[in-house]
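**Student:** Protein chains in written order, with this note's numbering: chain A, 2 to 292; chain B, 2 to 292; chain C, 2 to 292; chain D, 2 to 292.
No wet-lab data here; the hints were simulated from the structure.
This structure is a prediction, so every number in the text was calculated from the model and none was measured.
Backbone N, C-alpha and C define an ideal beta-carbon position, used for all residues, glycine too.
Don't take each hint at face value.
Some chain C residues near chain A, calculated using beta-carbon distances under 8 angstroms [unchecked claim]:
| no. | residue |
| --- | --- |
| 1 | His63 |
| 2 | Trp66 |
| 3 | Met70 |
| 4 | Ser75 |
| 5 | Asn117 |
| 6 | Leu124 |
Each computed BS3-like pair below joins lysine-lysine, with the alpha-carbon atoms no more than 30 angstroms apart [said to hold, decoys possible]:
| no. | chain 1 | residue 1 | chain 2 | residue 2 |
| --- | --- | --- | --- | --- |
| 7 | C | Lys44 | D | Lys44 |
| 8 | C | Lys64 | C | Lys153 |
| 9 | D | Lys153 | C | Lys265 |
| 10 | B | Lys232 | A | Lys35 |
| 11 | C | Lys35 | D | Lys232 |
| 12 | A | Lys232 | C | Lys67 |
| 13 | A | Lys35 | A | Lys265 |
| 14 | C | Lys232 | C | Lys34 |
| 15 | B | Lys153 | B | Lys34 |
| 16 | D | Lys44 | D | Lys34 |
| 17 | B | Lys113 | A | Lys265 |
| 18 | A | Lys41 | B | Lys41 |
| 19 | D | Lys265 | D | Lys153 |
Protein chains: 4
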Amino acid sequence: MGDIENNGLSNWGRWGSEDQQGSLNLLTPEIVKKAAHLVKQGKVYSLSMPLETEGPLWPGRHKLWKVTMHKTTSGPRAHSSDDTVIMHSHSGTHMDAICHFWYDDQLYNGFKASENVTSAGVLRNAIENVPAIVGRGVLLDIATWMGVEHLKIGQAITADDLDQCASAQNIQIQLGDIVLVRTGWMRVFSQDRELFNSGEPGVNETVLPWLKSHDIVGIGADNHAVEVFDKIPPDRLPVHECAIRDLGIYLLENFNLEALAADKVHEFLLVIAPLHLTSAAGSPINPIAIA
Amino acid sequence: MGDIENNGLSNWGRWGSEDQQGSLNLLTPEIVKKAAHLVKQGKVYSLSMPLETEGPLWPGRHKLWKVTMHKTTSGPRAHSSDDTVIMHSHSGTHMDAICHFWYDDQLYNGFKASENVTSAGVLRNAIENVPAIVGRGVLLDIATWMGVEHLKIGQAITADDLDQCASAQNIQIQLGDIVLVRTGWMRVFSQDRELFNSGEPGVNETVLPWLKSHDIVGIGADNHAVEVFDKIPPDRLPVHECAIRDLGIYLLENFNLEALAADKVHEFLLVIAPLHLTSAAGSPINPIAIA
Amino acid sequence: MGDIENNGLSNWGRWGSEDQQGSLNLLTPEIVKKAAHLVKQGKVYSLSMPLETEGPLWPGRHKLWKVTMHKTTSGPRAHSSDDTVIMHSHSGTHMDAICHFWYDDQLYNGFKASENVTSAGVLRNAIENVPAIVGRGVLLDIATWMGVEHLKIGQAITADDLDQCASAQNIQIQLGDIVLVRTGWMRVFSQDRELFNSGEPGVNETVLPWLKSHDIVGIGADNHAVEVFDKIPPDRLPVHECAIRDLGIYLLENFNLEALAADKVHEFLLVIAPLHLTSAAGSPINPIAIA
Amino acid sequence: MGDIENNGLSNWGRWGSEDQQGSLNLLTPEIVKKAAHLVKQGKVYSLSMPLETEGPLWPGRHKLWKVTMHKTTSGPRAHSSDDTVIMHSHSGTHMDAICHFWYDDQLYNGFKASENVTSAGVLRNAIENVPAIVGRGVLLDIATWMGVEHLKIGQAITADDLDQCASAQNIQIQLGDIVLVRTGWMRVFSQDRELFNSGEPGVNETVLPWLKSHDIVGIGADNHAVEVFDKIPPDRLPVHECAIRDLGIYLLENFNLEALAADKVHEFLLVIAPLHLTSAAGSPINPIAIA
Numbered sequence: 002m003g004d005i006e007n008n009g010l011s012n013w014g015r016w017g018s019e020d021q022q023g024s025l026n027l028l029t030p031e032i033v034k035k036a037a038h039l040v041k042q043g044k045v046y047s048l049s050m051p052l053e054t055e056g057p058l059w060p061g062r063h064k065l066w067k068v069t070m071h072k073t074t075s076g077p078r079a080h081s082s083d084d085t086v087i088m089h090s091h092s093g094t095h096m097d098a099i100c101h102f103w104y105d106d107q108l109y110n111g112f113k114a115s116e117n118v119t120s121a122g123v124l125r126n127a128i129e130n131v132p133a134i135v136g137r138g139v140l141l142d143i144a145t146w147m148g149v150e151h152l153k154i155g156q157a158i159t160a161d162d163l164d165q166c167a168s169a170q171n172i173q174i175q176l177g178d179i180v181l182v183r184t185g186w187m188r189v190f191s192q193d194r195e196l197f198n199s200g201e202p203g204v205n206e207t208v209l210p211w212l213k214s215h216d217i218v219g220i221g222a223d224n225h226a227v228e229v230f231d232k233i234p235p236d237r238l239p240v241h242e243c244a245i246r247d248l249g250i251y252l253l254e255n256f257n258l259e260a261l262a263a264d265k266v267h268e269f270l271l272v273i274a275p276l277h278l279t280s281a282a283g284s285p286i287n288p289i290a291i292a
Numbered sequence: 002m003g004d005i006e007n008n009g010l011s012n013w014g015r016w017g018s019e020d021q022q023g024s025l026n027l028l029t030p031e032i033v034k035k036a037a038h039l040v041k042q043g044k045v046y047s048l049s050m051p052l053e054t055e056g057p058l059w060p061g062r063h064k065l066w067k068v069t070m071h072k073t074t075s076g077p078r079a080h081s082s083d084d085t086v087i088m089h090s091h092s093g094t095h096m097d098a099i100c101h102f103w104y105d106d107q108l109y110n111g112f113k114a115s116e117n118v119t120s121a122g123v124l125r126n127a128i129e130n131v132p133a134i135v136g137r138g139v140l141l142d143i144a145t146w147m148g149v150e151h152l153k154i155g156q157a158i159t160a161d162d163l164d165q166c167a168s169a170q171n172i173q174i175q176l177g178d179i180v181l182v183r184t185g186w187m188r189v190f191s192q193d194r195e196l197f198n199s200g201e202p203g204v205n206e207t208v209l210p211w212l213k214s215h216d217i218v219g220i221g222a223d224n225h226a227v228e229v230f231d232k233i234p235p236d237r238l239p240v241h242e243c244a245i246r247d248l249g250i251y252l253l254e255n256f257n258l259e260a261l262a263a264d265k266v267h268e269f270l271l272v273i274a275p276l277h278l279t280s281a282a283g284s285p286i287n288p289i290a291i292a
Numbered sequence: 002m003g004d005i006e007n008n009g010l011s012n013w014g015r016w017g018s019e020d021q022q023g024s025l026n027l028l029t030p031e032i033v034k035k036a037a038h039l040v041k042q043g044k045v046y047s048l049s050m051p052l053e054t055e056g057p058l059w060p061g062r063h064k065l066w067k068v069t070m071h072k073t074t075s076g077p078r079a080h081s082s083d084d085t086v087i088m089h090s091h092s093g094t095h096m097d098a099i100c101h102f103w104y105d106d107q108l109y110n111g112f113k114a115s116e117n118v119t120s121a122g123v124l125r126n127a128i129e130n131v132p133a134i135v136g137r138g139v140l141l142d143i144a145t146w147m148g149v150e151h152l153k154i155g156q157a158i159t160a161d162d163l164d165q166c167a168s169a170q171n172i173q174i175q176l177g178d179i180v181l182v183r184t185g186w187m188r189v190f191s192q193d194r195e196l197f198n199s200g201e202p203g204v205n206e207t208v209l210p211w212l213k214s215h216d217i218v219g220i221g222a223d224n225h226a227v228e229v230f231d232k233i234p235p236d237r238l239p240v241h242e243c244a245i246r247d248l249g250i251y252l253l254e255n256f257n258l259e260a261l262a263a264d265k266v267h268e269f270l271l272v273i274a275p276l277h278l279t280s281a282a283g284s285p286i287n288p289i290a291i292a
Numbered sequence: 002m003g004d005i006e007n008n009g010l011s012n013w014g015r016w017g018s019e020d021q022q023g024s025l026n027l028l029t030p031e032i033v034k035k036a037a038h039l040v041k042q043g044k045v046y047s048l049s050m051p052l053e054t055e056g057p058l059w060p061g062r063h064k065l066w067k068v069t070m071h072k073t074t075s076g077p078r079a080h081s082s083d084d085t086v087i088m089h090s091h092s093g094t095h096m097d098a099i100c101h102f103w104y105d106d107q108l109y110n111g112f113k114a115s116e117n118v119t120s121a122g123v124l125r126n127a128i129e130n131v132p133a134i135v136g137r138g139v140l141l142d143i144a145t146w147m148g149v150e151h152l153k154i155g156q157a158i159t160a161d162d163l164d165q166c167a168s169a170q171n172i173q174i175q176l177g178d179i180v181l182v183r184t185g186w187m188r189v190f191s192q193d194r195e196l197f198n199s200g201e202p203g204v205n206e207t208v209l210p211w212l213k214s215h216d217i218v219g220i221g222a223d224n225h226a227v228e229v230f231d232k233i234p235p236d237r238l239p240v241h242e243c244a245i246r247d248l249g250i251y252l253l254e255n256f257n258l259e260a261l262a263a264d265k266v267h268e269f270l271l272v273i274a275p276l277h278l279t280s281a282a283g284s285p286i287n288p289i290a291i292a
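Just chain A, with the same shape it has in the complex (with noise of 0.2 angstroms):
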């Protein structure tokens, strides 16, 4: 594989050489049917940041935009108020379609990219195949195992990491869960938006074998891209390359972990809808965590 190495990680052909869902394939009915059962207060948070003009976004990208048409008419004396919005499908708390990333021409399980991307819209592993994803999630609170506010631009997250992390907070990490990584650099968001888009902590490549053996169906945090650089844009994304790429895993991006931390909520029913956008690379989200 010359320089990307992915350590003969692949879900390529798992699914059958049709598949388009990759990772979702591991949500079944008990899975679910389980993850429900750990609503136990009926608290609900969003784990969505605002999306608008000045949210979280990948710098290079351009803002959202949107105008308000209000005051149409309608009737002797009512009226109503309509918007019309501009962005990409990457704004804000978002997921990336498995046909966001690719290398060699070759997308998840093998479609071509030349074929398959185009200007009208990806043909293959696009959003549209995920109707939903419903599951555990379970909060690594990274920050909090650590003592610290956030971590700093460019510090790594190891596999190892994950483990010790989760062993303290008591979570045993089970097939099919959605790991929603915290490093605390959405305070920084606010605090100082040029760090914020100059690089991030995040997972590094020694998390890929550990999403392959645990079979874990996304892996989220609270930054621009799950995993770790130092600088915007960076020299390469191995994550993006290997978890999407070749294990069909989906990345949650942008996601605001504050409340569940500060609940020390560590399991939860976790409900992920993108919107059913037809051929695009990704949706922006509105995760919904139960408690």
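Starting from the known structure of chain A, fit chains B, C and D onto it as the hints suggest.
**Tutor:** Chains B, C and D alone, transformed into the frame defined by chain A:
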């Protein structure tokens, strides 16, 4: 009230003079917990229609526009794709914020429209006040109960119909329910687009006291606007006027209820997670039913 | 007229009760022909600033957004590129339609704003009524005449200043002229963006009778809004109120007048060709001076 | 050159290895001055079709989208309106930048497409290199010369046809001319939209040496793409390939030539002022003919 007759129905002031959430206040942790326990099989349903240029959309609104930025280079061998989406906040399957509709210059809870509805957004009752709607979803499958493929354009569903259908389905309507009314009209969407966009069957004004007395959180349907009319634009939208503006109840539109109906799933955990769009009058959604 | 003082200035009814072109009626073929004969050297000047995300734009308007669809395939070896542009009709160098500004619910020539200004567009006096403005352009280079690099924020230019400057330049103002006032303020755009967006030098209300008595077709400047104010948003825009709404005169904004000034070109054939945008309140333009 | 046959036609290097303006270099002050002297009557023609959602647009491109922000308040009694426009740079009546079309990874003058055409814009030969096209416009009214209302779909116009038509009109083609070819096809636009979007009459490859030998600056027509084809998308666009990429000549599309033809105006001062859009592959235009 002159020509707008709301029968004295109002929730203004009920949750305080500054309340911007309306019926969402009804969803207590107890209700959420009970709804989660409705999950028996672990089966997940997306109730969204495809969100695309040719998806369901109120005539007069512009069609959704999407362009894909393909093959952005990242590192020596990797590439990524992303999309730009331009859409109304009321595109496809969507929910109305309780600032969406008003009369006599007053929004829900008495806020002045002339002060709060601006080209830059709506300052009160906007969708950002809805972190999520999580509770018991109830399907009232009127089309099946009436023994028709779909109701006819302009055919009204009354409060009495809702009661009889619930009774036939062995469902007791409860405080805090989110009620989804199936008219079968979404079948017309694929069969006859012109007819679909000419009017619709739906609930009429008799349902307003029913919504209030049952303390319903939201009411949805498989059509443009939940309520009945025989031409587009209709002369008035009386259910919008009273449900949104007087009662602070959420309207849920263009739902795909076919799979729930086929499986005869009449109660379920329902999770609706609008995009956390600042100052917007609504949001496209991908509602998730879990049974 | 209460707080809005238009000194009885009005062109309403002058060109008929249905007129939607205002001062454009002044441009007779005779004037066009004479203007064409001003071309002596055959030198062409574009008076447009770059139309781009970081170009001049009234604070509060969203920045222009452009994405390029690149490398669309056409045939065995050929490709093409195209762009999607999202912008305000009043972006960068632009002209105001005479429906852009009004007071007391009446547009130029007495049309009711409440009936003609809608979310879907403006039904009267929109930019589509301006096929082109072709006539004699006159540069009044106030900054050079005053011997300053640029006038100061909040510094007013009076009718008397215009007359003295014209006289110093040996220019006689004529019926049908399009007058471009150079304040030097566009130099501030590249030097100090924050100052540029805080207010501007420009003409004040004394110019309104001057515009009327000379029968000027349009007045432009190298700033956001032609007229003077010392903060943004200003409390009022009296020149907009009277020139656009009472006189039906065209305002021409964010012009680049540097090259004309450097060459001391004070009269020229001026061609302004707004996009033929149906029902729009203005258009970005690339004004062409030919000397 | 394999299947792309350009007969050795090329202007690469002619105006220097860094030139990004192509045939625009031909327009000397002398030519501009002579063109201005063609103005005899002072009559002004806008050659633009309406720029609107249902205006002429290459099938496959998204339709123009416009929303009007109405009734923004300014001061105690005044209001303003503005619009947001979303459009392709190749919307309605428009011109192609000479970066719009290429083959074998090389743009006009040999710049590499793979290095210069990006999602963020085109770095060479973009429309910003065209301050304006000002020169002699020549109408070759082929439909009138052939005695037909309009040519037929797929009907080719040859170099010989252009010569004969010019001769019949007593026009001598000169270096630096901008040639507008009237096929009558724009009449089909209002009569039969489906036919208009199925193909078109236009010039064929025989015109390429003619453009080169006459040193034409630009060639336009009253159709989508100047050149002939009998289906959309066509298999190839050979005139685009050679005129734009090999010769650096400007293509001018979807012109409204009806008024010029009705008045038998065959030569005129032509002013084309593209929006000064940074790094764009073209621009909508409102071309102005002055006779």
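**Student:** Indicate, hint by hint, whether the structure satisfies it.
**Tutor:** Going down the list of hints, with the structure as the test:
| no. | hint | verdict |
| --- | --- | --- |
| 1 | His63 | 5 angstroms, holds |
| 2 | Trp66 | 5 angstroms, holds |
| 3 | Met70 | 4 angstroms, holds |
| 4 | Ser75 | 12 angstroms, violated |
| 5 | Asn117 | 13 angstroms, violated |
| 6 | Leu124 | 14 angstroms, violated |
| 7 | C/Lys44 / D/Lys44 | 22 angstroms, holds |
| 8 | C/Lys64 / C/Lys153 | 26 angstroms, holds |
| 9 | D/Lys153 / C/Lys265 | 52 angstroms, violated |
| 10 | B/Lys232 / A/Lys35 | 47 angstroms, violated |
| 11 | C/Lys35 / D/Lys232 | 47 angstroms, violated |
| 12 | A/Lys232 / C/Lys67 | 25 angstroms, holds |
| 13 | A/Lys35 / A/Lys265 | 20 angstroms, holds |
| 14 | C/Lys232 / C/Lys34 | 42 angstroms, violated |
| 15 | B/Lys153 / B/Lys34 | 38 angstroms, violated |
| 16 | D/Lys44 / D/Lys34 | 18 angstroms, holds |
| 17 | B/Lys113 / A/Lys265 | 41 angstroms, violated |
| 18 | A/Lys41 / B/Lys41 | 16 angstroms, holds |
| 19 | D/Lys265 / D/Lys153 | 22 angstroms, holds |
The structure fails hints 4, 5, 6, 9, 10, 11, 14, 15, 17 (numbered hints given earlier, in ascending order).
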